[in-house]
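Could you build the full structure based on these sequences and the hints that come with them?
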Amino acid sequence: MRLNLATAWQMIGADLLRLRKKRGFIALVLAAVLAPLLVWTGYQVLEHASNPAHYGPAGGLAHFARMLTLLGVFMGPVAAVLIGAEAGAGDIAAGVFRDNVVTGRSRWALFFARIPAALIVTFTAIGMGLAVGLAVTFGFAGGLETPSLSLILQSAAWLALANGVVCVIAIGLATLTGSRPGTITTLIGWELVLSPLLVQSTSLGSARDGLLDGVVTFLKPGPVVGGPPITMSIGVAVLVTIAWLLVLPALGAWRAQTRDA
Amino acid sequence: MQAIHAKQNHDGPALQTAGLTKRFGERVAVDAVSLSVPRGTAYGFLGHNGAGKTTLIRMLLGLTAISDGSASVLGLPVPAQRSAALARVGAIVEEPSFYPHLSGRENLTIAAAVRGPEARTRVDGALGRVGLEKRADDRVGTYSLGMRQRLGVARCLLSDPELLILDEPMNGLDPGGMLDMRQMIRALVEDEGRTVFISSHLLDEVEKTCDVAAIIDGGRVIAEGPIEELVAGGAGELIVECDDAERALKLLAGDPAVRELRREAGALRMKLHGPEQAGEINARLVGAGVVVTRLEPVRHSLEERFLEMTTRLEVAA
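Residue numbers (this note's numbering), protein chains in the order written: chain Z, 1 to 261; chain L, 1 to 317.
No lab work stands behind these hints, which were simulated from the structure alone. Some hints could be false.
[As the list claims (entries may be wrong)] With a straight-line cut-off of 27 Å between C-alpha atoms, the simulated DSS-like cross-links for lysine-lysine are:
1. Lys22(Z) - Lys134(L)
2. Lys208(L) - Lys271(L)
3. Lys250(L) - Lys271(L)
4. Lys134(L) - Lys21(Z)
Structure representation (structure tokens):
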């Protein structure tokens, strides 16, 4: 059974269908991305309205930078983990993986079809977050400086990288473990608690360069917010990103190949 | 390791195994099973729960590794040419699973995507074939078990299969659902020329549905053949009515052809060493001047034969 381009597109489309049709799940993903953004922005708008002399406008470049951190380091990765876990273990949880295997289709193909579909959902959700963030950045800028088109494009690419890598890692871990809850708990705990703590632990020295959070923060475009800048060579950043991008997905692909369906 | 040298043609058996064995540590789940499933038949694979039916199916489909022996599907050795072999196979293992949040049609669309472009053109036809076209756009989570079983068969049909492997397809179905499933399977065989391999512990259903069957017990095949032969096989049992039952009883008592003999409601019921000895019994009675008014082989149900065989094995063990 050969895998041609038409079949590959069909398989990606099929994975996309099963993800996007899960309405409760999609609502959760959008809530993870948009709700903190809207709450935080709304709070800033109210602050500025109540005391303009003390609190600046909610928009502008500083808002844009903080919005990027929220979408690229905190809530965006949470959404990416939810999507990756569903993409990686959804068919196993539903029992459909076995039915897909008995078609004779290669298990590699079954695994790799999950990645583009999950990335499409992730990028769509993050794109919506970015759109809302940009609307606030420009709509509530007042007289403040706003980001250039070049910075916006760089930021979009950075968000895609930061969240895409987390999504692919989640797919790998979910396929490896076969467990959505386990994957979500582990990776959200890592992303929101353990990894930020380790990045801030100066005693770890250059060992922190191996943390994805450190790399993502280092690569973030625009003004630095919230703490001292992280420094490393661009070569190290690229190598660390590739390593994270390869290891867990490779383990997931291996497990998809060997799993007793 | 025994080997199967199957030709890649359309005349050989749909499924063939030689010495197929599966071990889980020390435990042997399937013990040197050799089967040959003729094309264009409904083949029943009978056994108690835990007899090794599903394990054998999982080996055939490449879901679990073969410990020893060999197997071919549609003339192609598995697992070596598993992908090519399974391209024309539809299978339900254990129970059909679907995404409950998607409709029947969407589930089939997803399954078809894995099969390839041609399979997508068969989605509507497959839904119609199993009588689900009116509920095709409802969420599968709202389907009854019978509907999910039918949707499972529809998913099998997406590959236009030469061979369907259905693991316990009657499980959980009500009598009406069983009848529907039986009729569907017969139509797949008789009208469309497909081969259907059914594993089941529901002996009555297999007897009504299948042409050929094998009985597996403790991982070993203990009988294989056409249903008629399986039912009629074994010792051969006879009911004889005559004008003088008392005299006939005395004549046949101690006859070497007769294993067991008793009176039953005015007739004689006897077990012979072989079914061919019925003629000898008739000749003996007629020769002695007894008028034989009825001489009828006892037809067992498959269930009786199955229990007889498996009980015999248990006693021997």
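Structure-based check of each hint:
Proposed proximity of Lys22(Z) and Lys134(L) is supported: the alpha carbons are some 23 Å apart, at most 27 Å. At roughly 26 Å between alpha-carbon atoms, Lys208(L) and Lys271(L) fall within 27 Å of each other, so this suggested pair holds. Proposed proximity of Lys250(L) and Lys271(L) is supported: the alpha carbons are some 16 Å apart, at most 27 Å. Proximity of Lys134(L) to Lys21(Z) is assessed by CA-CA distance (about 21 Å); at most 27 Å being required, the pair is judged to hold.
Checked against the numbered hints given earlier, this structure breaks none of them.
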